[in-house]
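Student: Chains F and P are the protein sequences, given in the same order. For the first sequence, our numbering puts the final residue at 172, and the numbers step up evenly by one. For the second sequence, our numbering puts the final residue at 729, and the numbers step up evenly by one.
Be aware that one or more of the hints could be misleading.
In silico SDA-like pairs for lysine to any residue, Cα to Cα no more than 25 Å straight-line [as the list claims (entries may be wrong)]: (1) 674/P <-> 115/F; (2) 674/P <-> 4/F; (3) 674/P <-> 60/F; (4) 674/P <-> 143/F; (5) 674/P <-> 137/F; (6) 674/P <-> 136/F; (7) 674/P <-> 132/F.
Simulated from the structure, these hints should not be mistaken for lab results.
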Amino acid sequence: MPADFDDLYQSHYRRVFGLCLRLLGHRTQAEDAAQETFVRAYRAFGRYDRSRPFAAWVLEIASNHCVDLIRRRSREDALAGDPEAELSALPADDAGALGALISAEQGSALRDAIDALPDRYRVPIVLAYYGDASYDDIAARMDITRNHVGVLLLRARQRLRQALTDQEAPDR
Amino acid sequence: MSCPPELILAQFVDRALAEADAAATADHVAGCDDCRVRVDGLRREASLLREALAGDVAVPVIPAFDPPLSTGAWTVALLITGAGAGLASTVPVSLTDWLPWSSRFDIWALGELLLTLVPWLMQRGGALMTIVIEVIAALAALGALFWLARRVGPWRRHPLLLALPLLLAIGAAMPVQALDLRRSDQGTIHVPAGETIADTLIAIGGSVEIDGDVEGDLIAAGERVVVRGRVGGQVFAAAETVAIEGVVGGGVIGAGGSLNISGEVAGSVVGFAETLQAGPGRIGRNLYGFGKTVQVAPGAGVAGNAVLFSRDATVSAPIGADVLGFAAELDLGSTVGGGVTAYAGRVLLLAPARVARDVTAFVPGDDRVTVSPGAEIGGELKVEIRAEEHAEEHDGVGGYVVLQLLRFTAAFLTGAVILALVPGLRRVQLDTVGQTLLSAGVGLVTLVAVPILALLTALTLIGLPLAVMGLVLWLAGLYLAKVVVGHYLGARILAAVSGEPKHFLVTLAVGLAVVIVAVNVPFIGGVASFLLTVVGLGLLVLFLWGAVRDRNRATAI
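Input sequences plus hints: build the corresponding full structure.
Tutor: The following block contains the structure:
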C-alpha cells in the first residue's frame, strides 16, 4: 500500500464513516460502506486527479456507494418520487415555522429527527450539509433534476421543523 | 419584485441559484426586511444542520485498512483456478465438446451435455467422481473465498468466517465419500434366492445382487447392481453396471455406465446410461432413455411411450403408444401403436416397421429420412427441414444474415424484458481489471460447478427436481450472460461516443449488435463468445448474490 494512501485513509476515515453513518443510519453498515469506499478509492487511486481535494473525491465515492445501497434496500429504481407531486405538497411559506429548528437547542434532537427522515429527504440533507455537495452533485447522485433537489431539501427542512415542533409541544 | 418563495430563498442561501437569479434575489433581500429575516433564519438553519450532522460520529478506533488484492494476485489466483478447472476436466470429452456456452445453444447442446457427461461420470465410478467433485468444490470454495475477501466488509476482518464457506463447500463433497465409508463389507451385498426382505432395502456395496425377494423399494448403489429376483416396489439404482433381469413391481430409475432391462418392469423405466438396453422383457408403462446408445432390443416391449434422448437410438421391439426421439440417428424396425416424432440427424424406418399413425421427422435435409420398402406408415410421413447449427454454410449469405438478425431480435427482446424487470442489472460495473477478472472467475466456477452439482443432486433422486431447476437456471444464465454483458458494453461504447447515458433499450441494442458481430468473427468468435459468456455469467451471479445480501441486511435493520 502506498504510504500516502495510508495517511489519507487515517486522516479521512472519520469523515467518510460519518457520511456513511448519516446516510445509512446503521453503524455496522456504515463501517462496511466506509471500508468499501476506501477499497474503491484504493483501486482507483491511480486515476485520482491530484489537483482535486482528496476529501471531495473520496466523499463522492462514499455517497455514490451509499446511495446505491439505499436504492437496492428500498428495491426501487427511483430513489426520489415525482417532483411535481412533491412540489404541490409544499405547504405555504410559514416564516414562524423557521424558529422551530433554530430553537432546538440540542443538536441531538435535530440529529434524531434527521435520522428518522425517509431516505429521499435524508439523502439530500446529508449530502448537502455533511458532504458539502452542490445541488448539481446531489442531482447526479440521486439521478434527479437540480430543481427536484431544491424541492426535496425544502420538504426535508419542513419535515424537520414539524418533527421538532411536535416534540416540544408536550412540554409546554 | 414580489417576495420570492421559500424554495428560492433556500436555494439562494445554499448558493444554488444561477448567477442572474442570485443577483436579483440579493437585490430584493437587501430592500425587504421580511425576506432578510427569513434569509437569516434559513442561514442559521443551515449552519445548525451542519453542526448537528457533524456531531456524534465519534469513531473510537479507526479500523485497519486491508488493501484489496492486487491485480497480480488475482491473476495468479485465477490461473490456479483455471488450471484446477482444466484438471477437473481432464476428460475424454473436452470441455468444448459438451458445454453449451457458445451460440450453439439449443436442446441439442443440452442433450449432448447429458449424453456425454452423465455416462462418463457413471462409468468411472465413485472414486474418480469423488476426486472431480472435490476439485470442483475446492475451486468453488476458492472462488467464494476470494470473492468474500473482496466484497464482504466485516468478513474481511474475520478470517475464521472466511474459512467457513471453504469447509462447507468441501463438506458438500463429503456425502460421496460417506457413501464409500458406509460400505462396511466392501464386497458383495447378496440377497439369496428364497430370502424375503419385507421392507425397503438400501444397499450400498461393491456389488449388489438381489436373487431373493424385496417387497418394498430397492435403493442400490455400487459398481454393479443386479436384480435377478423380485422387487415389489420401485428400483433406484446407480452403478457402473445395472442389470434388471428379474421382476419389478414398480418402476425403475437407473443410472450407470450400462443399464440393461431384460426382466419384467410393471411401471416406467427412466434410465441414464452410456448404453441403455431394454429387452428382452417387458416394460409395463413408459420408457425414458437417456444415453449415448439407447436400444429397445428385439423381444422387448414397451406398453406405453418411448422417449429417447441419445446419439444412436434403435427401436427393434413393439412400442404400444408414441415414440419421441431426439437422436443423431433413429432406427425404427418394429410396430408402433401411435405415431413417431423424431428430432434427428437421420431417421431410418426399416422393415418390418409398422407405425399406426403419422411419422414426423425434423431433420436437416430431405435425404435424411429413409423408409425401406417393407416399412409401413399408417398415417402420413411429414418431413420438416430443421435449420442446422451451421445453417450459414448451407443457406448462403442471405440465410446467415436472417439467422443473425433473429438471434439479435431474440436476445434484444429477452434483454428488454429482463432489464425492465430488474433495473439493477443495468448498473452492473465492470470498470476495473479486477472486477472483470472477478466476474470471469466466478463465471467459470459457475459454468463448471453447476452442472456437476446438479448431477450429484440428481443422483439422490429426491433432489431431482432441484437439479433440473438448477440446470434450467444455469442454461438461462448462459443465455442472459451475453445480454448483460451486451448492455454493459453498449453503455461503455455510448459513453465513449456521446458522453451521455442513453435509454437502456438503445444501450442494449448497440451492445448486442457488437456482441453478435464479435461472436461471428471467424476463428476468434468462439473465444469471444466464451469470454463474454463467462464474464456475463459471473456478473449475474455476483449481482444475485449482492441482491440477496442487501435484502438480508435490509430486513436485519
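Student: All hints are to be evaluated individually against the structure, with a verdict given for each.
Tutor: Against the structure, the hints come out as follows:
1. 674/P <-> 115/F: This hinted pair is violated, its Cα atoms lying about 35 Å apart.
2. 674/P <-> 4/F: Violated. Residue 674/P to residue 4/F sits at ~38 Å, over the 25 Å cutoff.
3. 674/P <-> 60/F: Between residue 674/P and residue 60/F the Cα gap is close to 23 Å, so the pair holds against 25 Å.
4. 674/P <-> 143/F: With a Cα-Cα distance of about 13 Å, the restraint between residue 674/P and residue 143/F holds, given a limit of 25 Å.
5. 674/P <-> 137/F: Measuring from Cα to Cα gives roughly 20 Å; hence the hint holds.
6. 674/P <-> 136/F: holds (19 Å)
7. 674/P <-> 132/F: Violated: residue 674/P and residue 132/F sit about 29 Å apart, past 25 Å.
Checked against the numbered hints given earlier, the structure breaks hints 1, 2, 7 and satisfies all the rest.
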